[in-house]
Amino acid sequence: MSYKPFYDLELFLEACEQGVKAVFVRQKAIETAKSGFGLETQTEILAFLASDGFEYPTFKNSRLLEKGNDADGETYTDAYSFFSGSDYGYLSFYKTRAGKKWIVKSFKINNEVSHLNNPALRDALMKQLVEKKK
Amino acid sequence: MIDNELTTKKFVCPVCDSSNIESSYSMSDYTAPMGVPVPMKLITNTCRDCGEAGDFEALNDRAIEEAQKKSRFSAVLNLLSDLESKNIKMAYIERTLGLPQRTIARWKGGEYSASGFALLQIIHSFPWILEVAKSNFDPVVGLQHLLTESTKIFSQYLPNFVKSQGINSPHFVSSISLVTVTSGFVASAPPLDHNDLSQTFALTGSGY
Chain A
1 MSYKPFYDLE LFLEACEQGV KAVFVRQKAI ETAKSGFGLE TQTEILAFLA SDGFEYPTFK
61 NSRLLEKGND ADGETYTDAY SFFSGSDYGY LSFYKTRAGK KWIVKSFKIN NEVSHLNNPA
121 LRDALMKQLV EKKK
Chain B
1001 MIDNELTTKK FVCPVCDSSN IESSYSMSDY TAPMGVPVPM KLITNTCRDC GEAGDFEALN
1061 DRAIEEAQKK SRFSAVLNLL SDLESKNIKM AYIERTLGLP QRTIARWKGG EYSASGFALL
1121 QIIHSFPWIL EVAKSNFDPV VGLQHLLTES TKIFSQYLPN FVKSQGINSP HFVSSISLVT
1181 VTSGFVASAP PLDHNDLSQT FALTGSGY
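The listed protein sequences correspond, in order, to chains A and B.
Residue 1 is where the first sequence starts when you use the numbering used here, and the numbers rise one by one after that.
Residue 1001 is where the second sequence starts when you use the numbering used here, and the numbers rise one by one after that.
A couple of the hints might just be wrong.
[Unchecked claim] With a cut-off of at most 25 Å between alpha-carbon atoms, the simulated BS3-like pairs for lysine-lysine come out as follows:
no.	chain 1	residue 1	chain 2	residue 2
1	A	K34	A	K127
2	A	K132	A	K108
3	B	K1134	A	K21
4	A	K28	A	K132
5	A	K60	A	K108
6	A	K28	B	K1010
7	B	K1069	A	K101
8	A	K100	B	K1069
9	A	K21	B	K1089
10	A	K28	B	K1041
11	A	K21	A	K132
12	A	K60	A	K127
13	A	K21	B	K1041
14	A	K105	A	K28
15	A	K101	A	K21
16	A	K28	B	K1009
17	A	K34	B	K1069
18	B	K1070	A	K100
19	B	K1041	B	K1089
20	A	K34	B	K1070
21	B	K1069	B	K1041
22	A	K60	A	K101
23	A	K108	A	K21
24	A	K34	A	K132
25	A	K105	B	K1010
26	B	K1041	A	K34
27	B	K1010	A	K21
28	A	K28	A	K127
29	B	K1010	A	K101
Rather than coming from a laboratory, the hints here were simulated on the basis of the structure.
If we strip away everything but chain A, and leave its shape as in the complex, we get (with noise of 0.2 Å):
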């Protein structure tokens, strides 16, 4: 496991704006993203994604696909959190050893308990990212 991404967030986020034809949703995650988000179809997750629905994201960790035709100890996924409003999500994406497409393994509700579900402290954290940045 790794605590660094494996990815950039930025590339597999431009590749959700590219839809269906770039990313594929598992069916697991798409029943967790009706379910938790209301979002009923792989183009209503992805276009969420592409939208700057995904909040506040908070890189977890990396690990090595476990299942699965690309669990060749070579590939990874990335797991982040992230909110919606008041809700608070957990999203975990990997792309095809074959690098054609993007993979949204996991897309549900998150049931660790977060600091950040206080919107005040929320904010206070992004002011003070935003200061870092300058």
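Given the structure of chain A, go ahead and fit chain B onto it with the hints provided.
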């Protein structure tokens, strides 16, 4: 058209690029709030080589979107008919919200948008929002309507709730009665001063 595409389309696995794909179909239905259930045929592709399963070409998206459209249209008709039965006329909604005339007639004819559908649901859930709209969304009018509605809920549902929970404490019942009477008094009070309200809500951090 979708049916035809389901049977003729060549699928490719998004993970391993294999075209050794098996497809199966299932029936499900989509029901919009206040709408009728609309059946839809969904596909599941399974890669025989790597085992990945899902909707590889996002064909289900179109099936779901079509079912959504049909179910939401039935919901639009049901919402409008329900509002009309409560004597809330289309012309009144258009006037208070500043919508062009005959907008809702077009919705009724099937030319509705997702935002129009969302707006109808809001009006149906909170019809008093039209009174607030009529006052150009004056925040004081909004708060007074909110209090009036809260009072109605307190006085209509709370006594039954207390009974159903078997709460017999006279102190609890009298406290609730006091809250009900106080809310009613506040709701029926003359209009409040905007500056006072701004200060009060600034203190509580509600962002008024």
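Query raised in the report: Within a Cα-Cα threshold of 25 Å, do A:K132 and A:K108 meet the stated pairing?
Result: violated, 30 Å
Query raised in the report: When you check the alpha-carbon spacing of A:K28 and A:K132, does it fall within 25 Å?
Result: The given pair, whose Cα atoms are some 38 Å apart, is violated under the 25 Å limit.
Requested in this report: Would you mind confirming whether the straight-line C-alpha gap from B:K1069 to A:K101 stays at or under 25 Å?
Outcome: Violated - the C-alpha atoms of A:K101 and B:K1069 are around 30 Å apart, more than 25 Å.
Query raised in the report: Is the Cα-Cα distance between A:K21 and A:K132 25 Å or less?
Result: violated, 37 Å
Query raised in the report: Keeping to a limit of 25 Å between CA atoms, is the pair of B:K1010 and A:K21 held or broken?
Result: holds, 15 Å
Query raised in the report: Given the proposed pairing of B:K1134 with A:K21, does the C-alpha separation stay at or below 25 Å?
Result: violated, 46 Å
Query raised in the report: Regarding the pair A:K60 and A:K108, is the alpha-carbon distance no greater than 25 Å?
Result: holds, 14 Å
**Report entry** A:K21 paired with B:K1041 [C-alpha distance capped at 25 Å]
**Finding:** holds, 22 Å
Query raised in the report: Is the hinted pair A:K28 and B:K1041 satisfied, with a Cα-Cα distance of at most 25 Å?
Result: holds, 18 Å
Query raised in the report: Under the criterion that the straight-line Cα-Cα distance not exceed 25 Å, is the pair A:K34, A:K127 satisfied?
Result: Between A:K34 and A:K127 the Cα gap is close to 32 Å, so the pair fails against 25 Å, i.e. violated.
Report task. Starting from A:K60, check that the Cα of A:K101 is at most 25 Å away, please. Result -> holds, 22 Å
Requested in this report: Take a quick look at whether A:K108 and A:K21 sit within 25 Å of each other, Cα to Cα.
Outcome: holds, 22 Å
Of the numbered hints stated above, those contradicted by the structure are hints 1, 2, 3, 4, 7, 8, 9, 11, 18, 19, 24 and 28, listed in ascending order.
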